[in-house]
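Number of protein chains: 2
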Amino acid sequence: MSVLSLDLFLKEQRQELKRRLPQYISGIEAPKVLLDAMAYSLEAGGKRLRPALLLASLQGYGVTLEKGYDVACAVEMIHTYSLIHDDLPAMDDDDTRRGKPTSHKVFGEAMAILAGDALLTLSFEVISKSENLEDHEKVRVIQLLSSSAGPAGMVGGQVADMDAEDKHGLTVEELEYIHHHKTGDLLAFSIEAAAILANAPETDQIHLRMFAKNLGLAFQIKDDILDIEGDGEKMGKPLGSDEANQKSTYPKLLGLAGAKEKLDWHIQQSKEYLSKIEQKHPLLHELTDYIAKRTH
Amino acid sequence: MSVLSLDLFLKEQRQELKRRLPQYISGIEAPKVLLDAMAYSLEAGGKRLRPALLLASLQGYGVTLEKGYDVACAVEMIHTYSLIHDDLPAMDDDDTRRGKPTSHKVFGEAMAILAGDALLTLSFEVISKSENLEDHEKVRVIQLLSSSAGPAGMVGGQVADMDAEDKHGLTVEELEYIHHHKTGDLLAFSIEAAAILANAPETDQIHLRMFAKNLGLAFQIKDDILDIEGDGEKMGKPLGSDEANQKSTYPKLLGLAGAKEKLDWHIQQSKEYLSKIEQKHPLLHELTDYIAKRTH
Chain A
865 MSVLSLDLFL
875 KEQRQELKRR
885 LPQYISGIEA
895 PKVLLDAMAY
905 SLEAGGKRLR
915 PALLLASLQG
925 YGVTLEKGYD
935 VACAVEMIHT
945 YSLIHDDLPA
955 MDDDDTRRGK
965 PTSHKVFGEA
975 MAILAGDALL
985 TLSFEVISKS
995 ENLEDHEKVR
1005 VIQLLSSSAG
1015 PAGMVGGQVA
1025 DMDAEDKHGL
1035 TVEELEYIHH
1045 HKTGDLLAFS
1055 IEAAAILANA
1065 PETDQIHLRM
1075 FAKNLGLAFQ
1085 IKDDILDIEG
1095 DGEKMGKPLG
1105 SDEANQKSTY
1115 PKLLGLAGAK
1125 EKLDWHIQQS
1135 KEYLSKIEQK
1145 HPLLHELTDY
1155 IAKRTH
Chain B
865 MSVLSLDLFL
875 KEQRQELKRR
885 LPQYISGIEA
895 PKVLLDAMAY
905 SLEAGGKRLR
915 PALLLASLQG
925 YGVTLEKGYD
935 VACAVEMIHT
945 YSLIHDDLPA
955 MDDDDTRRGK
965 PTSHKVFGEA
975 MAILAGDALL
985 TLSFEVISKS
995 ENLEDHEKVR
1005 VIQLLSSSAG
1015 PAGMVGGQVA
1025 DMDAEDKHGL
1035 TVEELEYIHH
1045 HKTGDLLAFS
1055 IEAAAILANA
1065 PETDQIHLRM
1075 FAKNLGLAFQ
1085 IKDDILDIEG
1095 DGEKMGKPLG
1105 SDEANQKSTY
1115 PKLLGLAGAK
1125 EKLDWHIQQS
1135 KEYLSKIEQK
1145 HPLLHELTDY
1155 IAKRTH
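Chains A and B supply the protein sequences, listed in that same order. Residues 865 to 1160, numbered by the working numbering, are exactly what the first sequence covers, in order. Residues 865 to 1160, numbered by the working numbering, are exactly what the second sequence covers, in order.
There could be a bad hint or two in this list.
No copy labels: a pair is met if it fits in one copy or bridges any two.
Unchecked claim - Derived pair list, reagent style DMTMM-like, types lysine to aspartate or glutamate, alpha-carbon separation capped at 25 Å:
#1 K1144 / E995
#2 K911 / E998
#3 K896 / E1037
#4 K931 / E1001
In case anyone wonders, no lab produced these hints; they're calculated from the structure.
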């Protein structure tokens, strides 16, 4: 499997999501402004990394992708709700996201809160009503998604991140807690969910979780590095924003060389866990390399 | 079944919930401030009407209450999250709730948003991990809860309510849309969920939904009436607040006599739908009378 085929896979799946995501919204009987606000953020694009991880893992297991689209779209809904709420004035107070005005800038603060609530709730409806899953699969996926996205997962990570803003000088451990939960848990969910849908051995799920945890940290460290030496034009945001915002980052805590060393280590670890799984996952291998080498 | 036994049942179940609700929070590995914020609102009390409806319906079906507690607690978590978010400065901007400072007054706005998000997510985790339910029951309950609480349900009702604040002179139909969704859908869920857990005939679920819709409206109309002629001391809030806030209410649209007539009609309707069900539900009959006659 070459990088070209990874590119093609990611592009195709982004197209699939672009086609499918609006369909979950359009049929809902609800006030139009709410549906507009939900669709606005859901269709704003982005990397669609979580669905891509889920679908690439399913492909590795030789399971038809059709089986995974509802869950892939559900996790994207949860990711999207978390961005809407994170951008709120009471939180990060961001005016733009992916080059577009944030939800509360367009629809007002109250509607942004409610659009986020609606997307979070809808994600569980989508999984529970999927026509491609058995009841026992739905239950396991909902168990995993709710614990990954809830207080012990993503929301807990966001709280720790907020607390960190008032502190100066986080330790590497504190920084890692934030990233593991704020972003890592939902990435791990995406990959583990594929193991559930593929009815893979339970050890696979454990190894995939460790793979995902390392991959998630690698992704974050790379983000921090790109903020210093990336291509600002390609990234669609100015460089040096972490420095300007006095954010705790890996380069700040470990130096740029130390951060790069840590990045290499987590990429290495990712690959090691991936190699423990009998089933070959060529797309996940490629994706790991892509994350290590991406320039934006 | 006398009113005394309804009182006793409600009191006992409030005690059960008081004992059980904190247990879902205390074991979670998450930042302490988040758990504190979740527990603060969840343990603030209130009528526990939704759990009471679910448990009273289960009792009517002769199903052990143990089977329903996880779902009863889950729906209370969703109700609580909706109150936290409704009270936010961007929404109703309320400083007190049930005689205590609102969540954002104690924990700040960001934490209130996140505590709400966490409670909403946890509710699905609690149902999906319940040890007292089969997978097919979990799936049906989650389908119903997510659609009742999401954009087509409670969140949609909240959006319509917000829109109404900018309008003068709602029609009765518009007012009813708001109440049906903002409060009615979660009340209906509570009763329908019992029918699912009791494996009742599908027609029961339909009749119970109609029962609940009428009961929910009756509850709301009574609320509006009490705001005019209730016992302010017992209610724990000043009378006439609807009038002061220029809120659209049934007495405003129909006159006080018209509102009372409508209340009677919906109570009548509730009882008629309830009588269509083979299984006797004495507690639901009593509860209907209680709602019609309550003084606070």
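Hints, verified against the model:
1. K1144 / E995: For K1144 and E995, the Cα distance exceeds 25 Å both inside one copy (28 Å) and across copies (35 Å).
2. K911 / E998: neither (29 Å within a copy, 37 Å between copies)
3. K896 / E1037: For K896 and E1037, only the inter-copy Cα distance (17 Å) is at most 25 Å; the intra-copy one is 45 Å.
4. K931 / E1001: both (11 Å within a copy, 22 Å between copies)
In this structure, the earlier hints numbered 1 and 2 are contradicted, and the remaining ones agree with it.
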